[in-house]
Structures are given as structure tokens and as C-alpha cells.
Amino acid sequence: QMEIPFEIKALSAHRTPEKVAGYAQQASQRGVKVIIAGAGGAAHLPGVIAAYTGIPVIGVPVKSGKSLEGLDSILSILQMPAGIPVAAMALDGARNAAIFAARILALSDPGLAERMLAFQLSLSRKVEEADESIKEIKYRYKI
Numbered sequence: 025q026m027e028i029p030f031e032i033k034a035l036s037a038h039r040t041p042e043k044v045a046g047y048a049q050q051a052s053q054r055g056v057k058v059i060i061a062g063a064g065g066a067a068h069l070p071g072v073i074a075a076y077t078g079i080p081v082i083g084v085p086v087k088s089g090k091s092l093e094g095l096d097s098i099l100s101i102l103q104m105p106a107g108i109p110v111a112a113m114a115l116d117g118a119r120n121a122a123i124f125a126a127r128i129l130a131l132s133d134p135g136l137a138e139r140m141l142a143f144q145l146s147l148s149r150k151v152e153e154a155d156e157s158i159k160e161i162k163y164r165y166k167i
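Be aware that the sequence shown starts at 25, since it is given in this note's numbering, and climbs by one per residue.
Because the hints were derived from the structure by calculation, they are not lab data. Since the structure is predicted, the reported quantities are computational estimates derived from the model, not experimental observations.
With a Cα cut of at most 25 Å, we get these calculated DMTMM-like pairs of lysine to aspartate or glutamate:
1) Lys-150 to Glu-160
2) Lys-43 to Asp-96
3) Lys-87 to Asp-116
4) Lys-33 to Asp-96
5) Lys-150 to Glu-27
6) Lys-162 to Glu-152
7) Lys-57 to Glu-42
8) Lys-57 to Glu-31
9) Lys-166 to Glu-156
10) Lys-57 to Asp-133
11) Lys-150 to Glu-138
12) Lys-43 to Asp-116
13) Lys-87 to Glu-31
14) Lys-43 to Glu-31
15) Lys-57 to Glu-27
16) Lys-150 to Asp-116
17) Lys-57 to Glu-138
18) Lys-33 to Asp-116
19) Lys-57 to Asp-116
20) Lys-166 to Asp-155
Model the full assembly from the supplied sequences, consistent with the hints where possible.
Spelled out as C-alpha cells, the structure:
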């Protein structure tokens, strides 16, 4: 919808740390301007990527099969040391991560800025349409 080129990788901060470091270090040379990293459990991937690049990193905590229901992922992504920032989204918040990344990119891309504005207006229209359709419901509260 936004016509943004992207790449997808499967990386692990713990199982493929050298691959993560190489990916992060070479990202800007490939023209990458923002990185979205989803991770569950200990969720160190966004932070490790941020340690190896100056590109903005957006961390998405993912609910895994662990017993903490994603709380471990949320806290791991939120609690970054000073100097290694990661923008943190909500649990399983990949959609908002993509929208946030698009907003970052729109700062230097007028065409994308226009598409983002149109997207925002479409969200407003959906709420207005929902409000209109609710008026058609004739619900009466009964005691």
C-alpha cells in the first residue's frame, strides 16, 4: 500500500550472532534506512542490531510459547542501556512498527508523506463510517 521496498531476514541474536552483526553493519550500505526487528523470549535481537548500526531500530516484542505471555519480550526490548536506543512497539505490534517506519521514511520522501497522510485520513473515515452505522442500531437498555 505504501510502495516501500523491504527485505526480510530470519536472524537470531543468540543462535546466529555473527550473521546479525554482519547484517546490521552492512544495512546502511544496502540503502536500508530503518530496521524492524521482531523477537520473542529474551528478545535481544533489536538491541543487538542497534548496537551494530546507527540506523533507527524498531523492536517488536513477540509472544512466544514461554510462560510469561510475552512480558519477557516486552521488558527486554524496553530496557535498553543508554546510547543504544530501540523504539519499542506493543506486544505483537508489527503493524504499528511498519507504520512508524513509514513515518520515519516519509520525513525525506514527499510522495510517501502524501501516501501516509491519505492512509491516516482513511483511518478517520473508517471511524466516521462506523459511527454512522452505529446510529442505525436501535438498542435499548433494559433493566
